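Chemist: Those protein sequences? They're chains A and B, same order as listed. In terms of numbering that gives the first Met the number 0, the first sequence is residues 0 to 71. In terms of numbering that gives the first Met the number 0, the second sequence is residues 0 to 376.
Warning: the hint list may mix true and false statements.
Computed Cβ-Cβ distance ranges for the label pairs, DEER-style [claimed, not checked]:
no.: 1; chain 1: A; residue 1: Pro32; chain 2: B; residue 2: Val158; range: 22 to 30 angstroms
no.: 2; chain 1: B; residue 1: Ala312; chain 2: A; residue 2: Glu20; range: 53 to 61 angstroms
no.: 3; chain 1: A; residue 1: Met17; chain 2: B; residue 2: Glu101; range: 57 to 65 angstroms
Below, a list of computed lysine-lysine pairs in the BS3-like style, where the Cα atoms sit at most 27 angstroms apart [unchecked claim]:
no.: 4; chain 1: A; residue 1: Lys31; chain 2: B; residue 2: Lys204
no.: 5; chain 1: B; residue 1: Lys63; chain 2: A; residue 2: Lys31
no.: 6; chain 1: B; residue 1: Lys98; chain 2: B; residue 2: Lys313
no.: 7; chain 1: B; residue 1: Lys204; chain 2: A; residue 2: Lys22
Hints listed in this document are in silico derivations from the structure and should not be mistaken for laboratory results. Model, not experiment: these values are computed from the prediction. The beta carbon of each residue, even a glycine, is placed where N, CA and C say it ideally should be.
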Amino acid sequence: MQITTIALVAFLLMGCSMIEEVKPWEKENLAKPIMQFEGLHPEVTKFESHVYFSKEASRGGSGVAGGGCGCN
Amino acid sequence: MQLKNNYINLSKVTAIAIIASNALYAENYVAVEYLQYDENDDRVSVSAPTLSASYDIGTDYTIKGDFVFDAVTGATPSWQPDSASGASTRDNSGDYAYKNQEFDEGRTAGSLMLTTRFDNRDELYTGIDISRESDFYANTVSAEYMHYTDASHNQSINVGASYSFNEILSYDYDTSSGASSKETSSSINVQGGLTQVLSGSSSMKAEAFVIADDGYLTNPHATIVRDYNTANQKLLTENRPDRRLAYGVNLKYITLLNDDISYKANYRFYTDDWEINSHTIDNDIYYAMNKRFTFGLGLRYYTQTEADFYNGAKDFFTNQEFASSDERLSDFDAFTYKASVDFKQNDNISYNLGAQFYSQSTGLDATMLTTGLKYKF
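Generate the whole structure from the sequences, applying the supplied hints.
Modeler: What follows is the structure, encoded as structure tokens:
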């Protein structure tokens with residue numbers, strides 16, 4: 000798994016070096032609300048994450064903060 | 000004429016640059032959300048009003064906080080004495096049934112996060128999270144640093160860590176005592192990643208994470224049956240290992256399909272030393288129909304393998320050290336179907352409404368309804 004992760008990161012870094020530069024004035028579309036990784040409503044996303052945390056056995060990858068039991 | 004055109008073009012470029020630049024910063028807002036979660040078969044029901052706010056202090060700081068109160072009621076399935084067979088108490092003299100155990104509790108949780116921006120526009124996020132239940136206290140501190148690797152801010156790397164300390168009230172399900180005791184656990188989460196703008200209408204994010212849990216990781220509400228159909232048969236609290244090491248990767252991609260429609264894809268791989276492996280694929284499409292309405296549709300697929308100490312049968316466990324019949328540790332998959340609509344009344348006020356249906360192959364079905372109001376200023 001560690002080798003896979005390192006290979007994946009290396010691949011991503013190599014791939015990124017070949018990407019054409021996007022100038023700041025070309026980022027209008029990236030600034031749209033529908034183009035945000037965290038979705039339109041981070042509060043709702045946080046609630047969904049807590050549900051999945053409570054009902055499934057795996058977690059991680061969506062930020063380093065969090066808390067709660069979700070035992071029931 | 001040429002000068003005028005150049006001036007217009009320059010103004011347009013400047014305006015777009017400002018728009019793009021401002022989008023990197025949070026807007027001031029106060030939001031209220033009401034979240035309702037209901038499971039089938041009269042199981043868990045959660046009502047969760049949430050208050051959140053974000054405020055920029057100059058251009059270098061943003062403080063963000065949220066507060067939620069979950070009212071959790073209903074029942075959760077576990078092994079219990081089967082009253083139909085005559086064992087209506089925990090005397091271990093009769094049979095057992097995997098059925099709903101009623102409970103009623105609340106969770107109060109809050110978080111506070113400070114974003115600090117430096118001269119080179121790198122960002123530092125520091126935060127605290129506190130969660131309180133009658134039998135579970137959780138406190139988390141976290142920090143994450145994001146560094147732009149190029150002048151155009153097309154690529155950034157981030158590294159972060161959090162530490163959680165939990166206090167758990169555990170119950171001894173043994174008939175003779177039924178006593179409770181205070182246990183503790185801790186969790187360290189380390190995460191690092193790369194965000195890359197791929198074009199003027201697409202970007203991706205890749206992150207790797209490691210989570211190390213230590214301490215009392217048993218679910219105090221989950222039970223197992225040991226030595227079934229022998230003179231020593233017992234109904235006991237499950238027992239999980241006191242360490243868990245997990246790691247995985249999370250890949251996100253977002254692109255604009257046309258001027259008004261975006262597509263977001265997310266894949267997460269997770270593995271741990273309890274032999275649980277999971278894959279999550281999450282897809283969302285947003286359609287900004289006009290300046291007022293935005294619609295969203297989504298589909299999430301999740302699958303996991305079972306923990307090496309899990310078994311759902313009542314006649315399986317004898318003297319194994321670690322044992323659990325909690326179906327959340329079983330082999331299952333799940334789908335979530337999502338729909339949402341946002342209505343922007345004006346530049347300051349917007350409303351949102353969302354519905355989700357969650358279905359596990361274990362038989363668990365749940366609906367999630369969300370409605371909210373956001374005021375920007």
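Chemist: Can you name, in rising order, the numbers of the hints this structure does not satisfy?
Modeler: none
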